[in-house]
Amino acid sequence: MAELNLVEAINRAQAWEMDHDPSVVVLGEDVGVNGGVFRATVGLQERFGPERVIDTPLAETAIIGTAIGMAAMGLKPVAEIQFSGFIYPAMDHIWNHAGRLRNRTRGRLSCPLVVRSPCGAGIHAPEHHSESPEALFAHLPGVRVVIPSSPSRAYGLLLAAIRNPDPVIFLEPTRLYRLFKQEVADDGEALPLDVCFTLRAGSDVTLVSWGAMLNETQAAAEALAQEGIMAEVIDVATLKPLDMTTILESVTRTGRCVIVHEAMRTGGFGAEIAANLAEHGLYSLLAPVQRVTAWDVVVPLSRLEYQYLPSVERIVAAVMKTLEGA
Amino acid sequence: MAELNLVEAINRAQAWEMDHDPSVVVLGEDVGVNGGVFRATVGLQERFGPERVIDTPLAETAIIGTAIGMAAMGLKPVAEIQFSGFIYPAMDHIWNHAGRLRNRTRGRLSCPLVVRSPCGAGIHAPEHHSESPEALFAHLPGVRVVIPSSPSRAYGLLLAAIRNPDPVIFLEPTRLYRLFKQEVADDGEALPLDVCFTLRAGSDVTLVSWGAMLNETQAAAEALAQEGIMAEVIDVATLKPLDMTTILESVTRTGRCVIVHEAMRTGGFGAEIAANLAEHGLYSLLAPVQRVTAWDVVVPLSRLEYQYLPSVERIVAAVMKTLEGA
Amino acid sequence: MTTVARFEVEFTRFLNAEGEATQELPPFALDPANLIPLYRAMQLTRAFDTKAIALQRTGKIGTFASALGQEAIGIGVASAMRKEDVLVPSYRDHAAQFVRGVTMTESLLYWGGDERGSNFAVPREDFPSCVPIGNQVCHAAGVAYAFKLRKEARVAACFLGDGATSKGDFYEALNFAAVWRAPLLVVINNNQWAISVPREHQTITPTLAQKAIAAGVEGVQVDGNDVIAVHDAARRAIDKARAGGGPTLIEAISYRLGDHTTADDATRYRDPDVVQQQWANEPIRRLRNHLARIGAWDQEKEERLQKECADQVAAAVDAYLAIPPPTAAAMFDHLYAELPTAMKEQFDAAQWFASHDGGSSHG
Amino acid sequence: MTTVARFEVEFTRFLNAEGEATQELPPFALDPANLIPLYRAMQLTRAFDTKAIALQRTGKIGTFASALGQEAIGIGVASAMRKEDVLVPSYRDHAAQFVRGVTMTESLLYWGGDERGSNFAVPREDFPSCVPIGNQVCHAAGVAYAFKLRKEARVAACFLGDGATSKGDFYEALNFAAVWRAPLLVVINNNQWAISVPREHQTITPTLAQKAIAAGVEGVQVDGNDVIAVHDAARRAIDKARAGGGPTLIEAISYRLGDHTTADDATRYRDPDVVQQQWANEPIRRLRNHLARIGAWDQEKEERLQKECADQVAAAVDAYLAIPPPTAAAMFDHLYAELPTAMKEQFDAAQWFASHDGGSSHG
Ligand SMILES: Cc1ncc(C[n+]2csc(CCOP(=O)(O)OP(=O)(O)O)c2C)c(N)n1
Ligand SMILES: Cc1ncc(C[n+]2csc(CCOP(=O)(O)OP(=O)(O)O)c2C)c(N)n1
Ligand SMILES: [Mg+2]
Ligand SMILES: [Mg+2]
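Protein chains in written order, with the working numbering: chain A, 1 to 326; chain B, 1 to 326; chain C, 1 to 363; chain D, 1 to 363.
What the hints contain is simulated information worked out from the structure, not anything from laboratory work.
Treat the hints with caution; some may be incorrect.
[Claimed, not checked] Taking lysine-lysine and the DSS-like style, the derived pairs with C-alpha atoms no more than 27 angstroms apart in a straight line are: (1) D:K60 / D:K307; (2) C:K51 / C:K344; (3) B:K321 / C:K301; (4) A:K321 / D:K344.
[To be verified] Have a look at the derived ranges for each label pair, beta carbon to beta carbon: (5) B:T198 / C:G59: 35 to 43 angstroms; (6) B:F180 / C:E300: 55 to 63 angstroms; (7) A:M320 / B:M230: 36 to 44 angstroms.
[To be verified] Covered stretches of chain C (chain A as the covering partner; in silico rule of three or more C-beta atoms under 8 angstroms from a C-beta of chain A): (8) 112-118; (9) 127-136; (10) 159-173; (11) 327-336.
Note that the structure is a prediction, hence the values are computed from the model and not measured.
The C-beta atom is built at its ideal place from N, Cα and C for all residues, glycine as well.
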């Protein structure tokens, strides 16, 4: 077992799968010689050659567009978009083709593509380097949207994503890349997609989050525990398709739910979870469902980014509000 | 007063504003000589010349990208994207620039841009011509998202959108273009943005919808009235920023809410409204909030499109479900 | 000032509008047995187009894009491809698709609004028609890359319109293919119109072939109404690609003799007289004249062929009309390899409503 | 086969690496009074870059992209613009911005993570720096269109990198500008690298200037380390644009002597020896040699200038460091012309949390 941080886990998962499946190729800007601007693909080109680890020209539309062509022919491309603020030129191909090829051809062709992209704020990066666009993909039929929150989940979920026969948008929170390490076996064991992970059991309130915000969410749960408030913490992990079963089961027990995400509030994916609660969990709810999210503003440049990111205090305050509701 | 259908109202609003404000320009594919594939810009080029009504080359990225440059220099571009399934190549400029220019420059430059695009299914159009992408824009800070549901609202809201100093994504349901006519004064009177319109008063249940689905929603309300069930019908009209005040006021009275939209369910904008109800309206809710939406599938080709579009029966069934909940 | 780069664009034609050879024909074209199948395919496409427009008018299919006048392009190219090559077509490429083995019934099913029309029984790896302009060039470059990576001697071919050359996808894909030296053929069907926008408003370049220079790719221009010229250029390009020589861009100059689609009325924006004049250049008469001149064609053969084509089209239409409509379940069947658990409830609801209201009640 | 189009790409240089004139200089360059401001601007930019990198290393600003070695490009171009023209820069164009009147303090504020840095006091209509590669070319084409529509004798100028030439935006925008005959100058800073991707892997074309041929635009190549060549080409292009002659593409060949940004470590992917050799071509020494040769520069002037630049940079840094941080309200202040009612609650909440927890507690 190695002690790995999240970006190392991403690296190992890709290396494992390239080693075991010759149809896996990695492509993107600076993924080869440079090993990726975050080093997520470091060593891969040396090991698997420049034909399987492709330093592409600088063009996101064509990165995803050509990856779709490769995928349809049976390759399993893992395409890196350098930052998710630069994924928009690829939206056309993701929306109009990746998630549709199987349906359009009645299963004759398919698109086993993984789009990896770092996401999120909090690392003092330049403009457009701090986006959380998960909601734009979770609305899209035919794809999966996966966001890991720890090295071991990054490893297992990325393996599952690459092996999945359909396209997966895999968003990696940059703030977690080097935040902490975990024992990761590097044994090629995938984790299941399409299910939430319960990170902490509790009976008073359910906290639902994903990605880097699980950091604040778990800190909030810890702080609440000091006050005797037992929060259950759920890592959504796969946003689409959404495992509401796990969330509903928890909220049925706790009667209270706070959803935490880093993306803007309006139209964020938290709304989908809250909407499901308003439909399927209404009679269990003892208090209004709270969403703790970024404000509906443009991600600010670095000086204000921690005013943008939901804080532990905001999560705790939201939990307190749900408890008032009792 | 003229009897106009929705596409004629769109045409008149553009003509009025071009006539009264020399900074307004119209651009897009086939908007000039041909007057638009739906005839939304018919006659404009003859009247205002090819420099103000611009037949662009075929490139959506550049249509919106150049329109942003024009807008920053004080023009008021009204850019047509021929079908909203072809708006994705422009997402990059919409997301990274249109909604941000004011914020990035602290108000020094701004982006008074209107992006018009037909949306929705139901006209037996080819592949990719039936999309409902409103949720992708309603998540975006700094913009407005507006969808008219009748000729008179199309006229008034489009005028308001063009006059608005910030970018507006203006989605026009193709199914309504020629469905019915209304008296429209063509007097340059704008309607207010950022507010919902209550189309029908009722006390038993609140139906919330926008665009073409108001058609089915109103038919459902009518059918329910026959059964003695009085539905209030709200046309959201401006999805972003969202006027929850009107919706909450209604749901506080009725205790029941059914949200109807044509886009896919998961991550659709209905979730945002339901989430707000789960937060701010929970104690008024007498029954689970229902969403009647398209399934989470790729818009099918025309043979199945009416299986995809929510039907009157589905709306009525959802209302019945909320009444069971009493 | 030093000149650091020089480029030229060449134009090729073998048969003029009257079907007279203007230069020595390429070897394959010397044997009429090679030309008659091309002629036949053009006639069949034209018969299909006529019928498809009629079917649209009577509500039997949806919006349809005809290839009228541009038959030589798709047929010239597809006939130069091998079975194992892959076609990545746009929405106006049924001429090429038919040569590849897509059936007319499948094509009608697609235009009739049924996804099953893209589940080709024969060219199993060919892409479905691409409606969003330009995307297919990226896909084709990716397909070509896959072949190259696996050292398969296969070529990807795609088509785009003159309007589509304005899209970023086209340049990005051409550049990727060039850098990758991928086995790709990109063919521009320059039919002079992008709906209402004439070629000269789309771009000010004297040729579209020169756009290849931006990617360092060989770009050539051919008379797209001369099937011999198209086939010859395609064959060279495909041979080159198969041999590892990388991508080629062919601009085939033709003319859109019909409306853009059945949803369009071209008289709104172009002079019918000009269109009438363009009939003088169309590809079928041209090849027929040539074949007649060399004694390989006559009135009787023509009549027999016309009859054959009509019969084939009629049979395809009958087969199409006999196909029962898809059920609501079809929306879910191929969305994912396996329907996710989270979607089961929706699937059941869709089935339920389909069987109860037939999904028919819309206000 | 007929040749239907022919193209050439020309390369221009006036001063070689040693600063020797290789051909007759253009008129403006004959007067040292015209060259010394360019020299001064290059030195100032370099002094700024050195300081900015140091500030980043000590956490006083965020990631920073230096213009080291490419100073002649921005300065040669911006010095050929008029005040009323509009610059649409990328993220590596502070050299040009300083000439335009953007202050070093504003630039530091931007790189320091504060939107106020793009609220330029002077070139009020210049665009803020564009980080997403290539987008700015579209914006600049739109700016140019606005000028043309309003019959204003103004020109838009934008920069992009060699890597950015692979983006669809670049081709689409160039084509739009060509069709519109818009007053636009597009300048490629060909610094040979796009982060770790060398120019020759970005595209196989022998020049980047030839990409203009795809749009029917004039494309020229200049030595981007020769500020005289850059300025001369930019001036011609701008004059042409202002006179209604439409867009021009200039490829200015230079070299990125530094890391891509402070977040990059170029030794991972390129040989420091090769970089070292490229120092022989850098633009400042080149112009200094020329000025010294014609007797317009000496050691004393050089020392005085260095001191002046250092002082100016130091003053700018002091001013930057003295600016109080923005408050949470800043996120809302300029989001819309007026804050929508629907956002008032969020605005209040943001203010409340900012004043209570300072937004500081993150797990
Ligand atoms: C991205 C995109 N934008 C717009 C459209 C609508 N549209 C369909 S065909 C067409 C014109 C295409 O012209 P061209 O490329 O010359 O091909 P042709 O139809 O003439 O074969 C347009 C604008 C589309 N399908 N895709
Ligand atoms: C659309 C987009 N994709 C990726 C990036 C990340 N990125 C920043 S700079 C850069 C390389 C740019 O190279 P080039 O165009 O040559 O400009 P240079 O930095 O060399 O001046 C990349 C890939 C980006 N900013 N925008
Ligand atoms: Mg065309
Ligand atoms: Mg570069």
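Structure-based check of each hint:
{"no.": "1", "hint": "D:K60 / D:K307", "in the structure": "holds, 23 angstroms"}
{"no.": "2", "hint": "C:K51 / C:K344", "in the structure": "violated, 41 angstroms"}
{"no.": "3", "hint": "B:K321 / C:K301", "in the structure": "violated, 69 angstroms"}
{"no.": "4", "hint": "A:K321 / D:K344", "in the structure": "holds, 20 angstroms"}
{"no.": "5", "hint": "B:T198 / C:G59: 35 to 43 angstroms", "in the structure": "holds, 38 angstroms"}
{"no.": "6", "hint": "B:F180 / C:E300: 55 to 63 angstroms", "in the structure": "holds, 57 angstroms"}
{"no.": "7", "hint": "A:M320 / B:M230: 36 to 44 angstroms", "in the structure": "holds, 39 angstroms"}
{"no.": "8", "hint": "112-118", "in the structure": "holds (count 3)"}
{"no.": "9", "hint": "127-136", "in the structure": "holds (count 4)"}
{"no.": "10", "hint": "159-173", "in the structure": "holds (count 4)"}
{"no.": "11", "hint": "327-336", "in the structure": "holds (count 4)"}
This entry does not satisfy hints 2 and 3, going by the numbered hints stated previously.
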